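Chemist: Sequences are here, hints too, so could you generate the full structure?
So the sequence lines, in the order shown, correspond to chains P and V.
The numbering of the first sequence is this note's numbering, which starts it at 0 and goes up by one.
The numbering of the second sequence is this note's numbering, which starts it at 1153 and goes up by one.
I should point out that these hints are in silico values taken from the structure, not numbers from a laboratory.
Note that the coordinates shown come from a computational prediction; the quantities given were computed from them, not determined experimentally.
Be aware that one or more of the hints could be misleading.
Said to hold, decoys possible - Some residues of chain V that are not near chain P, with every Cβ distance over 10 angstroms (derived): (1) Thr1187; (2) Arg1226; (3) Arg1227; (4) Ile1233; (5) Pro1240; (6) Gly1256; (7) Lys1259; (8) Arg1300; (9) Glu1415.
As the list claims (entries may be wrong) - So the derived list for chain P, only partly shown, Cβ under 8 angstroms to chain V, looks like this: (10) Ala283; (11) Pro304; (12) Leu305; (13) Val309.
Heads up, the beta-carbon is just placed ideally off N, CA and C, and yes, glycines get one too.
Each chain, letter by letter, is given below.
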Amino acid sequence: MQIRFDKLGVVIAAIVAYAAFVAPFATFRANRIVPGQARSILEALPTATGTLLLAIIVAAALIALFKTPLVLRLAASVVVLAALALLIGVAGTFLTPAGDTFARVSPASGFWILIFAFTLLVADVLTRLNLSPLARIGVLVVAALAIGLLLISGRWDSLSILKEYANRADSFWAEGSKHVTLALGSLAAAVIIGLPLGILCHRVERLRAGVLNVLNIIQTIPSIALFGLLIAPLGWVATHVPGAAALGIRGIGTAPAFVALFLYSLLPVVANTVVGLAGVPRAANDAARGMGMTDRQRLFGVEFPLAFPVILTGIRIVLVQNIGLATIAALIGGGGFGVFVFQGVGQTAMDLVLLGAVPTVALAFAAAIILDAVIEMTATKRRVETA
Amino acid sequence: MIEIEGITKRYDATTVVDDVSMVIEPRTVCVIVGTSGSGKTTLLRMINRLVEPTAGVIKFDGADNSSLPGYELRRSIGYAIQGHGLFPHRTVAQNIATVPVLLGWDKARIKARVDELMTLYQLDPEAFGPRYPHELSGGQQQRVGVARALAAEPNVLLMDEPFGALDPIIRNKAQEDLLAIQKRFGTTIILVTHDMEEAVHMGDKIAVMDAGKLVQYAKPAEILANPASDFVETLVGASERPFRLLSLGRVRDAVENGSAEGEAIPGDASQRDALAELLWSGRPALPVKGADGKPLGRVTVDGLVKRAARPA
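Modeler: Below is the structure:
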């Protein structure tokens, strides 16, 4: 039998080889701000465990390299990911001198690259398996549960990022909920304002170019500049409009962050609404009018359902973008995970930066998967129902 | 009866439809024919007020069509267009039920009507009702489009190039089906086309439009025999004229006494088909049979050629 290579597998195997044998697996530091020392897999783990991990990685890389059954590829990558997740915790305990509360152990580039390579393999397998949208959400839930269990079990408590968490557990959840509120709240506001605005732009052609251009210009203002620009007007509102200050409107803080995120969200929502409505087949629209639908009936019965997947794509862009952008809100006292990122940068404590960055990335990633699945469900509903 | 009186549509300086007056008799098929830009579609769309006229009146059985809100008027008039305009997110059954639902019919009545129309159009309601338009062939989609237009039992059906997107064989079948259904329900049909062949085949009367003006409005035979202008003559097609004239007549009307050899041609076939068969087989005469299979006589090349000559 001829041996055949898997195209993506070749790339993954090369990355894995570098990450497992050249790049450091973990970083050890005597305290949280001194430069770290690299540790390879064999240095970071007890010899037997380290050898076992290397063997698992090599075997999985070989499975990825050649054309192998999808189920085998899936199993191999899940085993490696699980082993990496468990053993990085072991490395933390192994590397930390007993009783030393200042020493910090964190995952290093090799670990992150291995995670990336095998996540890529899982994603490739899942794509090729052609999972239904619901199944994809299911996979996401299973992965989230697994990570949650690991966190609760305390197996990662020896890692630096969780030591930072342990010091800030209360503010972590407070900032987290602020972050989500900022991202979702500004999205909701953008949908409430943007949808009708998009419909209006679709109906009134003269309005369209003007509105879209203004939103385009807003989109090009750097976020920090926009926060700055909002300080003056919101400050004015807070001092001159009775009751505004009581509502929490101030020149700095949550209000300008919310307004900025809302403004950034408008363009994708309005633009996708316009594009979606313009994509409704002319003949369907003409037939709808010709059969005696009122404008309202046509909008809700024909145009809106047909444009919905495109509008939802805009909402997906906004949500992922907002989860990322909300990080900047911390700069002007708006709170969110960005608080840890900027504190970490200020203290040159990378672990603290990660404490803010990792949950942000995870949230954005989960939001993207869930909304992609929803978009696919709405777009293919008519096909699935009759399949 | 539909009376169109001095109807005009202007967009800024351009006059698209210019002072058109005509009367369409009930239970007939009126075909509006013209080149693109002749204003034929605009004229059609003013009948159900998808386009509001600049001047003039259109009356249905004496009632001005502007006395109702536009959407209510349109619910009472069937409307079918080229490319069918089916709603891609609704099933075939839901598509057909569009106007009955707008009119608030009860569920049982809607279902009965949808099933009736689908059966009429040879689409099994069980199999095709729950399907989506993109799962149907072009011919099936077109039939659903017409069924949808007829769903609320309108007295008047407007059609804008309804067969434009079909291949010739399916188009023929669709035209025959439409004529059969028109006879069955007694619907008044106003059909827009640029195809003179279709106009002659379908129309009880043909209205020829050119540059917004109604150039001639007459029975097909009259249009073929006495075109009102050079434009109409070009549209009719000088080389096609005799054959189009023959296509208007049935073989049974050209039967002569006597007998002939070979396979008999049905009396319902068009005289053009009979002549084509004679020319192709190189025979001077063909036997003719009735619907019951009994011989009626024969048709001859000579007889048909005389009938193809310009009427006096």
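Chemist: If a hint holds in the structure, say so; if it doesn't, say that too.
Modeler: Each hint tested on the structure:
no.: 1; hint: Thr1187; in the structure: holds, 21 angstroms
no.: 2; hint: Arg1226; in the structure: violated, 4 angstroms
no.: 3; hint: Arg1227; in the structure: violated, 3 angstroms
no.: 4; hint: Ile1233; in the structure: violated, 6 angstroms
no.: 5; hint: Pro1240; in the structure: violated, 7 angstroms
no.: 6; hint: Gly1256; in the structure: holds, 12 angstroms
no.: 7; hint: Lys1259; in the structure: holds, 18 angstroms
no.: 8; hint: Arg1300; in the structure: violated, 7 angstroms
no.: 9; hint: Glu1415; in the structure: holds, 44 angstroms
no.: 10; hint: Ala283; in the structure: holds, 5 angstroms
no.: 11; hint: Pro304; in the structure: holds, 5 angstroms
no.: 12; hint: Leu305; in the structure: holds, 6 angstroms
no.: 13; hint: Val309; in the structure: violated, 13 angstroms
Against the hints set out earlier in the document, violations occur for numbers 2, 3, 4, 5, 8 and 13.
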